[in-house]
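A.B. asks: In order, the protein sequence lines correspond to chains A and B. According to our numbering, the first sequence is numbered sequentially starting from 595. According to our numbering, the second sequence is numbered sequentially starting from 9.
What the hints contain is simulated information worked out from the structure, not anything from laboratory work. Don't take every hint at face value.
To be verified - Sample of chain B residues at the chain A side, in silico, Cβ under 10 Å:
id	residue
1	Glu-15
2	Leu-20
3	Gly-53
4	Leu-55
5	Phe-58
6	Ala-61
7	Ile-66
8	His-70
9	Ala-73
10	Arg-77
11	Val-78
12	Leu-82
13	Glu-85
14	Lys-171
15	Val-173
Unchecked claim - Taking lysine to aspartate or glutamate pairs in the EDC-like style, the calculated list, with each CA pair at most 16 Å apart, reads:
id	chain 1	residue 1	chain 2	residue 2
16	A	Lys-736	A	Glu-753
17	B	Lys-81	A	Glu-753
18	A	Lys-775	B	Glu-50
19	A	Lys-775	B	Glu-64
Just so you know, even glycine gets a beta-carbon here, dropped at the ideal spot from N, CA and C.
The lines below spell out each chain.
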Amino acid sequence: MQTLAAMAAPLDGSEALSGLLEAARSGDLAAFEILMRRHERLVLATALRLLGRMEDAQDASQEVFLRLYRNLAKVAGTENLPGWLYRVTVNVCHDVRRRHPEVTLSGDLPEFVSTAADPQQAAAEHERRRALEMSLRLLSEKERAALVLRDLEGLPTEEVAAILGTSQATVRSQIFKARIKMRDFVERYFRRRV
Amino acid sequence: MNCPLWEERIALYAGGDLSGGDAALVRQHLAACPECAALAAELRGHLELFRIAHAEPIAEGHFTAVRARVLEKLAGEKRPWWRHKPACLAAAAAMMIAILIVARPHSPTMPQPRAQARTAPAPPAVPGLEAPPPVKPRRPHRLLASATGPTGPAAPVEPLVVKLVTDDPDVVIYWIADK
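Isolated chain B (complex conformation) (with noise of 0.2 Å):
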């Protein structure tokens, strides 16, 4: 090439990247010179070629597996722990639910005592009274229980559990509470 001190500009005019005055000079160059007007020509087709490539369609396929790919990996993702509010919500309002009932204020009664000690002495027998029933020992309360010592085999105390299902499977609520 002969016009070195063109090359630049009109490697930029090729792609219509120099302005207005540039360009008028350029397009005067390229009049009087076949040379670089080859150059011009040589360089906007290639670049028209390769734009004709890059539009080209794409298979369908590749989007589909990208697309697969990035949204398999979004769901196998765990989320914050803001973006389960459904199952937060819940998950708060039966920690409440469960703080209440074991923080219940209890009947302000003292430890029973033992049902044998309880058992009163057959009061003397009057004629004509009938004796009343025998007070049936009350089953202390089973915290209470346990806190005064074992009395003999106590009855199996079930207590309450509730097994709340969120709609992720990694959040499962129970709430357990005395019946």
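Okay, chain A solo, but in the shape it has when bound (with noise of 0.2 Å):
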């Protein structure tokens, strides 16, 4: 019967969510499936920019879905649930990283589509993107989790230094820092090429 109210409850409201993890909780895969499917973009997006690759982004994923399974008593309890998510999605990919730290600077790029119809226009769009996404992989581990958060995912200062577990005035020293880490790789990146 949970699996039926869990199926039929709107996907909106806390009240559905909290339904959804109670069925879950008893063994119902179907509506953990639901879930998984309503917080699957927020773990991989943010593993990917964290790890860098979709095939370990893809490994973390799997761990922090089995994490959040095993812990549903606890989450439960919670009223943030995307809160837990990030803040073991962090995590995990910090075990991965120390994991695999053989991470090369231009290896296993996502590919990009450039919205430019101007076809030189798209290969400069390319190539920033490109510096960009090399950029994120010079940050320390805590620079890049902070500004994914704050500048990708758009949480505010409060809520990354929750999930960090750290103070608001270090999440902005570690912005500041990494914005401007990236600008002048950016900037290096392209005069190199000149």
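Put the two chains together into one complex; each comes in its own frame, and the hints tell you how they fit.
C.D. replies: Structure representation (structure tokens):
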């Protein structure tokens, strides 16, 4: 019955979420799959930016959702499931990077689809994005996590600090350093190519 | 860059991380310093491009692969015993029934003597009276029979075996009882 209730529940609202969590907790895999579908982009996109490779990001996402399943009892009591998922994603990605520290600067960069109509402009945009992706790999783990959560996921500094278990002042400092490092890298990248 | 003291505030300003008063100070400085204005514009451009890249959809196949791997792993994992609620209840019920059957009080009969011993000598023939039919020796209880020793080739006693199949292929309940 819980499965049917979970399936019939609207996809928004904390009641629907708590229903899904409760159903999943009692072993309902269909309810858990709905939970995954609702949060998979958050987890995979964040992991992809933190790790840089889709293969690693998928491994990390798998681990995050397995941890979610094993901790459903704990998570059910919290209001902020996305916050919990961000925190676990960041931690899992740290673990993955420690296991595979051999990530190269330019290897396995994601494919870009340019929106520019002019081929020359599209090529320039492609190069900029490539440089930006590479610059992300130069950052320290903490700087990268702060930048991804704040600038790409658009979370407020306060929430980023809570997820990373640090102060807002530290997050600000990490974000500032990360932005400047990225800008410097992109500048050097194009100066070298010219 | 000529204004290193402004670098941090400009970097934060570019991402909208400064409060009203600080942001106003930076705006004033940018209006007066073309180099810092260029830095702010460059930082904003990078962030915007990066946000666009990050917002691009990820191919559905990547999500499907993750979901499939997770569900496969979860389905393969052994669930804790309390998750097998129906199976556990059925097992407990079957166990109770089996215990009740085995432990039910038997009729307080002494071990039956052997059939030959119980065969009473034929009563003296009374004219006009038919002899009663011979007493058919009762088959002793299986457990008692084994306790009293072999009594010759006993007829095979088939126990009643009930097999309860649960939803979980790992849990099959056998209920064995005497007929």
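A.B. asks: Each hint should be assessed against the structure and marked as holding or not.
C.D. replies: Here is what the structure says about each hint:
1. Taking 10 Å as the C-beta contact cut-off toward chain A, the hint placing Glu-15 (chain B) at the interface holds, the least distance being around 6 Å.
2. Given the 10 Å rule on beta carbons, the hint for Leu-20 (chain B) holds: about 6 Å separates it from the nearest Cβ of chain A.
3. The interface hint given for Gly-53 (chain B) holds, since its Cβ lies 8 Å from the closest Cβ of chain A, which is under the 10 Å cut-off.
4. Annotation: Leu-55 (chain B) was flagged as interfacial toward chain A, and the flag holds, the nearest CB pair being 6 Å apart, inside 10 Å.
5. Interface restraint check: Phe-58 (chain B) against chain A, minimum CB-CB distance 5 Å, threshold 10 Å, status holds.
6. Because the smallest distance between the Cβ of Ala-61 (chain B) and any Cβ of chain A comes to about 5 Å, under 10 Å, the interface hint for this residue holds.
7. With its C-beta approaching chain A no nearer than about 6 Å, Ile-66 (chain B) sits inside the 10 Å limit, and its interface hint holds.
8. At a threshold of 10 Å, the smallest CB-CB gap from His-70 (chain B) to chain A is about 6 Å, leaving the interface hint in force.
9. At about 6 Å, the closest approach between the beta carbon of Ala-73 (chain B) and any beta carbon in chain A falls short of 10 Å, and the interface hint on this residue holds.
10. Taken as an interface hint, Arg-77 (chain B) checks out: its beta carbon lies about 5 Å from the nearest beta carbon of chain A, inside 10 Å.
11. Because the closest C-beta pair between Val-78 (chain B) and chain A is about 5 Å apart, less than 10 Å, the hint holds.
12. Nearest Cβ of chain A to the Cβ of Leu-82 (chain B): about 6 Å, under the 10 Å cut. The hint holds.
13. The interface hint given for Glu-85 (chain B) is met, as the beta carbon of that residue sits about 9 Å from the closest beta carbon of chain A, less than 10 Å.
14. For Lys-171 (chain B), the interface hint is violated, the least distance from its beta-carbon to any beta-carbon of chain A being 25 Å, above 10 Å.
15. Here the hint on Val-173 (chain B) is broken, as its CB sits about 19 Å from the closest CB of chain A, past 10 Å.
16. In summary, the hint linking Lys-736 (chain A) to Glu-753 (chain A) is supported, as the alpha carbons are separated by about 15 Å, within the 16 Å threshold.
17. A hinted pair counts as satisfied when its Cα atoms are at most 16 Å apart, and Lys-81 (chain B) with Glu-753 (chain A) does not qualify at roughly 32 Å.
18. The hinted pair formed by Lys-775 (chain A) and Glu-50 (chain B) meets the criterion: a straight-line CA distance of about 13 Å does not exceed 16 Å.
19. Restraint check for Lys-775 (chain A) and Glu-64 (chain B): not satisfied, since their Cα atoms lie roughly 24 Å apart, outside the 16 Å limit.
Hints 14, 15, 17, 19 from the list above are not met by this structure, while the remaining hints are.
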